[in-house]
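Following the hints, position chain B against chain S.
Order-wise, the sequence lines are chains S and B.
Using our numbering, read the first sequence as starting at 18 and increasing by one per residue.
Using our numbering, read the second sequence as starting at 315 and increasing by one per residue.
Read the hints as simulated data drawn from the structure, not as lab findings.
No false leads were mixed into what you were given.
Computed cross-link-like contacts, DSSO-like style, restricted to lysine-lysine with a CA-CA straight-line distance of at most 30 Å:
no., chain 1, residue 1, chain 2, residue 2
1, B, Lys366, S, Lys66
2, S, Lys66, B, Lys394
3, B, Lys431, S, Lys232
4, B, Lys394, B, Lys444
5, B, Lys444, B, Lys340
6, S, Lys162, S, Lys66
7, B, Lys521, B, Lys376
8, B, Lys534, B, Lys558
9, B, Lys387, B, Lys534
10, B, Lys395, B, Lys444
11, B, Lys431, B, Lys444
12, B, Lys340, B, Lys366
13, B, Lys387, S, Lys66
14, B, Lys340, B, Lys395
15, B, Lys534, B, Lys521
16, B, Lys329, S, Lys66
17, B, Lys340, B, Lys376
18, B, Lys521, B, Lys505
19, S, Lys162, S, Lys177
20, B, Lys395, S, Lys66
21, B, Lys431, S, Lys162
None of these values were measured; they are calculated from a predicted model.
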Amino acid sequence: MSERLVGILLSSFTKILIPGIRVTIPLTILSFLVSLVLGLLLALVQVTKIRGLRQIAFIYIWIFRGTPLIVQLFIIFFGLPSLGIMIDAFPAAVLAFGLNLAAYNAEVFRSAIDAIPVGQTEAAYMVGLSYPQALFHIVLPQAFKIAFPSLFNNLISLLKDTSLASSITVVELFTSAQQIAARTYEPFALYCEAALIYLIFSTLLTWLQTYLEGKLVWKSHDDKEINISGRTKSMVGI
Amino acid sequence: MLTVENLYKSFGDNKVLDGINVHVDKGEAVAVIGPSGSGKTTMLRCISYLEKADSGHLIFGKGDGAENYDLHKASSAEVKKLRRHMGFVFQSFNLFANKTALGNVMEGLVTGRHMNKAEAADISQAMLEKVGLSERMGFYPGELSGGQQQRVAIARALALEPDIMLFDEPTSALDPELTREVLDTILGLAKEGTTMLVVTHEMSFAKEAANRIIFMEEGKVIEEGLTSQIFEDPREERTREFLKLNS
Numbered sequence: 018m019s020e021r022l023v024g025i026l027l028s029s030f031t032k033i034l035i036p037g038i039r040v041t042i043p044l045t046i047l048s049f050l051v052s053l054v055l056g057l058l059l060a061l062v063q064v065t066k067i068r069g070l071r072q073i074a075f076i077y078i079w080i081f082r083g084t085p086l087i088v089q090l091f092i093i094f095f096g097l098p099s100l101g102i103m104i105d106a107f108p109a110a111v112l113a114f115g116l117n118l119a120a121y122n123a124e125v126f127r128s129a130i131d132a133i134p135v136g137q138t139e140a141a142y143m144v145g146l147s148y149p150q151a152l153f154h155i156v157l158p159q160a161f162k163i164a165f166p167s168l169f170n171n172l173i174s175l176l177k178d179t180s181l182a183s184s185i186t187v188v189e190l191f192t193s194a195q196q197i198a199a200r201t202y203e204p205f206a207l208y209c210e211a212a213l214i215y216l217i218f219s220t221l222l223t224w225l226q227t228y229l230e231g232k233l234v235w236k237s238h239d240d241k242e243i244n245i246s247g248r249t250k251s252m253v254g255i
Numbered sequence: 315m316l317t318v319e320n321l322y323k324s325f326g327d328n329k330v331l332d333g334i335n336v337h338v339d340k341g342e343a344v345a346v347i348g349p350s351g352s353g354k355t356t357m358l359r360c361i362s363y364l365e366k367a368d369s370g371h372l373i374f375g376k377g378d379g380a381e382n383y384d385l386h387k388a389s390s391a392e393v394k395k396l397r398r399h400m401g402f403v404f405q406s407f408n409l410f411a412n413k414t415a416l417g418n419v420m421e422g423l424v425t426g427r428h429m430n431k432a433e434a435a436d437i438s439q440a441m442l443e444k445v446g447l448s449e450r451m452g453f454y455p456g457e458l459s460g461g462q463q464q465r466v467a468i469a470r471a472l473a474l475e476p477d478i479m480l481f482d483e484p485t486s487a488l489d490p491e492l493t494r495e496v497l498d499t500i501l502g503l504a505k506e507g508t509t510m511l512v513v514t515h516e517m518s519f520a521k522e523a524a525n526r527i528i529f530m531e532e533g534k535v536i537e538e539g540l541t542s543q544i545f546e547d548p549r550e551e552r553t554r555e556f557l558k559l560n561s
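Next comes chain S alone, as it looks inside the complex:
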């Protein structure tokens, strides 16, 4: 490897890493939050069988899962202005990624909720809980635990998909690599470097997932305030 190339790689590392930290990661986190909230809502209107809303959720998922992410991104950023709706590049990317992933997370939540035996909901009714109480106290905490690995999987996918934001002028990790590659005529080295930084981010996320899964234990009514016999393991709640 020539000295020049080593020099380029070293000096560009932080130039790619910093937009990665400043843009790619916030973009990932914000989009993921949008997708979680919206995905849970979409799943809930399906399992609670609210007529009308249920059809809307179905159509939403059908469209957002059935069309390419980059097309959705282009519609929001380049298409909406012609309807008079101007959105800056970064919020447009958050919106596109969030709306898209919500369709996938909705299915993750829905299947996790379906996996909880209906008998537990019946038992909840018989001890005087209402449907929303049964949902929030019994079903969702368990569903969330089941959904967690799939949700995290989607988060890691999202991290990588945010590179598409480069195509709508968001200066994130991949855009920075593209710019340096164009200037230095070293595309192979620069794109490998970008790949390496993505790999570092996703590896950190994988570690975080393993750590959180270990911590994911249900909180009962009795954890903190009441002295109980029998159990010595300490419990961390969700």
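Relative to the frame of chain S, chain B by itself:
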């Protein structure tokens, strides 16, 4: 105390309950026996409105203060009021998997009845002691044996001080060596005078625990009577055959 009148229920073309009338007095333990598919479980599920009956009424209490429920179309407020009278023990336990034994018993008190946690914990601990599980309060359902889970489920129902306990084949999902501890727990309750309606396949248990027996077949009550009469001198041929096959 509890009277069920003209209960009908079909699943498609299949008539599961064909005009059931059942009565349980306060302090009485009534066992419902009969072959599989005779509608015993469906009857309990209709009584507790877990299943909507095609038609039928449930009368709770006596005289002027009696509450009358339409088992086909009760409002959600009525359903809540109806269920308040009842404790239900399921065949498959149905413990809340995200709660410890103690948390399972507390849930109805804290979330359903808005009792403060300390008071609910006291009651729940007492109930778990009653079913012999004071050593297992902090364990999650997955860490308990089937028999222990079912006893937690019994404590969970008892904690709400129901007027009547409904048991839906409480030992059918258990290994034979675990059924005894659950049956003994229920027997203890019967001896204390807890009002209960028990659907069961355990004939010796029915004999021991029940004051009265109801024999059901094909969605109908074929015969009912005092435990001794049913077991020693059944009037109906079908009852006799069933008992011969199941004892």
